[in-house]
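Using the numbering used here, read the sequence shown as starting at 196 and increasing by one per residue.
No wet-lab data here; the hints were simulated from the structure. Any given hint could turn out to be false.
[As the list claims (entries may be wrong)] Keeping only pairs whose Cα atoms sit at most 20 Å apart, straight-line, the calculated DMTMM-like set for lysine to aspartate or glutamate is:
(1) K299 with D403
(2) K268 with D282
(3) K209 with E261
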Amino acid sequence: MENIIEKIEIGIKKIGNDLVNCDKDCQGICINIEKGVLPRYLIFEKERIGSKGCVIIGINPGGSSEKEEIFFKNKLSYDATVKYWNDSVGKTPYYCRLRELVYKTDFTGPILWTELVKCENAKDSIIPLQTFRTCTNKYLCKEIELIPKDWTLVAVGREAHKALSYLFPDRSVLGIPHPTSSRGYFSWLYKDKENTISKEDVQNFKEDVQKQIKDFLNSKIPIEIWLDGSQNSSGT
196 MENIIEKIEI GIKKIGNDLV NCDKDCQGIC INIEKGVLPR YLIFEKERIG
246 SKGCVIIGIN PGGSSEKEEI FFKNKLSYDA TVKYWNDSVG KTPYYCRLRE
296 LVYKTDFTGP ILWTELVKCE NAKDSIIPLQ TFRTCTNKYL CKEIELIPKD
346 WTLVAVGREA HKALSYLFPD RSVLGIPHPT SSRGYFSWLY KDKENTISKE
396 DVQNFKEDVQ KQIKDFLNSK IPIEIWLDGS QNSSGT
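Please construct the entire structure, taking both the sequences and the accompanying hints into account.
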């Protein structure tokens with residue numbers, strides 16, 4: 196296991212170094228090194244207690260905060276993005292709730308945090324499909340090559356779920372709604388949301404989700420599901 200983790204760590208750092216120096220002129224994204232806006236948050240979180248790892252994949256980073264921009268201003272290095280994530284971003288509700296969920300799902304090992312597109316949206320812009328094609332081919336596909344086949348790909352959001360299901364048919368893909376969204380049942384999995392509904396409904400939903408996850412983990416072949424606590428779990 197140590198050799199696998201070391202190989203992943205070395206490979207991800209190499210990709211990360213290439214990432215922050217990306218010279219692709221993609222549409223719909225924002226890069227401004229002088230201002231402190233750069234491709235970011237490819238993070239390998241290896242210090243976890245278990246052996247069953249996973250990859251958590253979102254759409255793309257959110258807009259830079261003023262604090263982020265000040266930190267990254269003229270700091271074009273992958274190590275800088277890792278440090279800022281460890282000190283700040285990795286402690287936000289998005290990451291904490293996802294970390295809690297995968298732990299409950301039995302993925303107690305290392306996590307590779309990544310995105311379909313590594314840059315934030317340009318102002319008032321929607322990222323076009325071609326940019327997704329370019330970025331996933333240039334970075335994400337290489338990242339996944341480093342990951343053992345038995346690690347689950349956890350897709351955050353419908354778009355990521357569909358994209359990963361198409362891109363990696365030989366991998367198991369677990370699709371989940373965005374963890375900070377107020378819509379849907381997903382938020383009920385968290386203690387700070389449980390007081391919005393009855394305890395009975397919360398318990399029933401958790402039991403349904405646990406059954407979905409159990410069926411998913413017991414599958415003998417790579418499959419995809421959309422985690423929503425319903426019998427019709429396919430995201431397609």
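Tested hints:
For a cut-off of 20 Å, the pair hint linking K299 to D403 stands: about 14 Å separates their Cα positions. Proximity of K268 to D282 is assessed by CA-CA distance (about 17 Å); at most 20 Å being required, the pair is judged to hold. In summary, the hint linking K209 to E261 is not supported, as the alpha carbons are separated by about 28 Å, beyond the 20 Å threshold.
Violated hint: 3 only; the structure is consistent with all others.
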